[in-house]
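Q: Two chains, two frames, some hints: make the complex.
In order, the protein sequences belong to chains A and B. Note that the working numbering numbers the first sequence so that position 126 is 174, with each residue one more than the last. Note that the working numbering numbers the second sequence so that position 305 is 979, with each residue one more than the last.
No false leads were slipped in.
Residues from chain A that face chain B, not an exhaustive set, calculated with beta carbons under 10 Å:
| id | residue |
| --- | --- |
| 1 | Arg163 |
| 2 | Glu170 |
| 3 | Val174 |
| 4 | Lys183 |
| 5 | Arg184 |
| 6 | Asn188 |
Just so you know, the hints here were simulated from the structure itself, not pulled from any lab data. Think of the CB as a built atom: it goes at the ideal place given N, C-alpha and C, for glycine as much as any other residue.
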Amino acid sequence: MGIRRAAVAAGSVAVAAGSAAIKKVLARAPSGWGAPGGTAQKDPQRWRAVTVNRPIQELEGGVPGPLAELGDAVEVRLQQAPGDKGTELHARLTRTGHDPINGQDPLEALRSALRKAKQVAEVGYVLEPDPTATKRTPLNEPLRQATKHAGGEGRL
Amino acid sequence: MKGLVWTGVNELAVEDVPDPQIQNPGDVILKVSRTVTCGSDLHLIGGYIPFMRKGDVLGHEFLGEVVEVGPDVRNHRVGDRVVVCSFIACGSCWYCKHELYSCCDNGNPNPAIPEGLWGFPPGGCYGYSHAMGGWGGSHADYIRVPYADHGAFRVPDGVSDERALFASDAAPTGWMGADLGNVKPGDVVAVWGCGAVGQLAARAAMLLGAERVIAIDRFDYRLRATEQHIGCETLNYEQTDVGAELRERSGGRGPDVCIEAVGMEAHSPDPSYGYDQIKHQLRLQTDRPTAVRQAIYNCRKGGTVFVLGVFGGFVDKFPLGAVMNKGLTLHSAQQHGHRYIPMLLERMERDELVTEHLATHTMPLSEAPKGYKVFKDKEDNCIRSVFLPGG
Chain A
49 MGIRRAAVAA GSVAVAAGSA AIKKVLARAP SGWGAPGGTA QKDPQRWRAV TVNRPIQELE
109 GGVPGPLAEL GDAVEVRLQQ APGDKGTELH ARLTRTGHDP INGQDPLEAL RSALRKAKQV
169 AEVGYVLEPD PTATKRTPLN EPLRQATKHA GGEGRL
Chain B
675 MKGLVWTGVN ELAVEDVPDP QIQNPGDVIL KVSRTVTCGS DLHLIGGYIP FMRKGDVLGH
735 EFLGEVVEVG PDVRNHRVGD RVVVCSFIAC GSCWYCKHEL YSCCDNGNPN PAIPEGLWGF
795 PPGGCYGYSH AMGGWGGSHA DYIRVPYADH GAFRVPDGVS DERALFASDA APTGWMGADL
855 GNVKPGDVVA VWGCGAVGQL AARAAMLLGA ERVIAIDRFD YRLRATEQHI GCETLNYEQT
915 DVGAELRERS GGRGPDVCIE AVGMEAHSPD PSYGYDQIKH QLRLQTDRPT AVRQAIYNCR
975 KGGTVFVLGV FGGFVDKFPL GAVMNKGLTL HSAQQHGHRY IPMLLERMER DELVTEHLAT
1035 HTMPLSEAPK GYKVFKDKED NCIRSVFLPG G
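The shape of chain B in the complex, shown without the other chains (with noise of 0.2 Å):
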């Protein structure tokens, strides 16, 4: 079959790959019909985090066909349209029952390495390095689904693929953020970054009841899809002054939830950006955390800050002394997305979420290459490249 590889730092290819085999009597085999680019994408694909090898198959977002069952499986059967999780939890540990499924004791083969990296190993994802599990990624014609009757979730008629794609991980990644950070009604919150899972946690809040948001980007042609498709306010952060901005609409508390969707390769108009450019060029520090700085220093007393951006190792210059001073709650976590799909999935069919536009550009597997470059460029206005395998 064929499959998007690494091939080394910013270089990637469409080769011939191996097709996938039922290994455990748990997992399910899919015919991938979409997927689609991720921002976390790009710090694998720029060697920021150092855990890839060559040939390995990127893709963690994604809906297919099933197409083959191992003995073990009860929910699904071939032909069902399924939209896949993007993080691989057994269902079955502590942490699973829990429902905190990123953080699953089993489903990452190669534990040892985020042990020495984090303390403990998070659970698998598809196609995010070795140190995520070494799963082959879903930019390819056919895919392994572990632990399938808990990963995988059928998708209702009623939801296109187009829409339903997002399921996998934008969608609950960002509902998590605002659910995590534990979104009221009458809050205000505010949202950095206007890529799909910033648009999608900001919808997210309006979901819940925040009486205003305000997501925060520095490309027009996002923060206007922000307004048109989320219907929240926007801030451009290299037009306005965010903090004072943040804090007179806000009666002059500040937001009382911040939720960071920007991750470790961020931007910012201050002189701080070339002190942490410079640090991250040379591997000084691992991260760059422009916004996750702000959302501390901006966040009301008392209020919460959740960090949904992947981050990597270690960063400099984080302002404990706002967070101890100012008594807020920091939450992080990637998305323990098999809690809220299902739900996710009713909201779409209701037409409550709608995600279409995020695919803004949509193209066969063969183009992948050109995909991630108009996508990490945001070139002609991209906010996701979405791939069709056998395309």
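Same shape as in the complex, but just chain A (with noise of 0.2 Å):
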């Protein structure tokens, strides 16, 4: 009886002090703790930017194809990156809002067309990716869904 009460005791006393240091931690907590989607809220109106390896004056004339072909729904400007690093290409979008742009989520949309202009400027077309040929299973269903994303925004 004695042990199961000392143990008890130990164990109220564990409890106790596991709970005073969340408290600690979670009043000493970054203020973006707890709201949605963390600190890492996007903001849709943010300049997305890619550095593209020419020269400006090659962008000049228009923008690449596939950045191109998304019209007055982006904002596209060229700025001369710094060093040998070439062309600093910047868009970011001109409606605020959810609607699909050529049926893709718009910022999936807007990032997938800086990379593939990128490629076009840089290489001249854009490389495809090899097809598939493997099978769907539960559990790669979460890296399919990865997958057909990976063109878009990446950072967590």
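A: Structure below.
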């Protein structure tokens, strides 16, 4: 009995200490904790950028096809990159909301177009992935979904 | 065609897979003549890099014959015998122009996956999971080679298939460790791991003028092969105090350059191995960095540590204090093979770089699952298993 009481008492002390530690951590938590989506909420109006390894003069005549195809859904600006890095290609959505662009989530469409525009300017074409013949399983479904959107935004 | 596919954790099978097609004007189609296992494949097969799908074709080190060329290809013709760099790089982006080919901005069609993992995506790699582009692997009868003018290299007539095969990945990876590790004449260099990459890193250090090169492993047959074919000193870490030996063999200074060629599934006789293994198996850490810790701890003050072994995520008990307080330079990369392969083929032709002994087991592709078992379990003194498609 004595041992059991001691064990219960020790357990209670441990729980109390753990609870106090958690309260202390939460009290010092960054302000973003607990907010929907954390601190990394997407800002749809933010400028997105890629750097293209080509001189700015080559791009001033017109942005590469994949970005031009988004039309007035995006605003585009060019800027000389520092050093020998080429040209910064910046773009942002002109409309708020979640209306799809060409059937895609607007931010995904924008990021994907920037990546493809860079390839067209640097290489001359967009690299086609190998066609997949892999088998669909419940275990690989999350990876399939991730791959489906893997041309879009990547930062967690 | 036939291909070796991943069918689940530690499960492989040779199955019918679709023939590759020219999809971009810079592509060639290669008939694979030789393709070889790599230690980093084991991380994929074992599920430690969880981006494989059932049916993915493995393999990234290979050579073969060009059988079809895209309309923009200038450097290759049908019938060329070429070795292909395992990393897929466009040759045009800023990284490629600065010879950081494995960092290519354009070679990975799934950039958002590695961006989430690592901040920015590396280039693509054949047969190396969907995080690295989902590219078809070389353990198959045929393979598509994108950006072929940059990634495929004609093999000189004087270099055999058996030797040139290792110019695809193991030799340039090893060379990069010594080159970017800044090995100089007079240096003492320690290399962790006597697999193909470790042996070829040791050989590269010797060719770059190192005074003394010491390779470390636990398998006697690998140590003997390193002594015999590479010509450097060796240490068995299960039979000797590696730190003490390295210190005294370098006059009490410690090696100038420490090259880690082991990767995320390292072993150790220390109690720390049990700790790492438990955390690894419970997926509380993704990688076991035993050899990296040793390389950092034993490197001389102001020296360089190069991490050649493949790591995928996060490690525990990383000795950042030693890095900082000893003023170490820590360097790492996936291989920038494009910058080294032509030079390595020339060295192979001059017999300065020999690799045939690494191919301890050669077999038809149909026996590839067995080849991986022999390779993984280090049965029958295996260093690498080589597969012959169509055989």
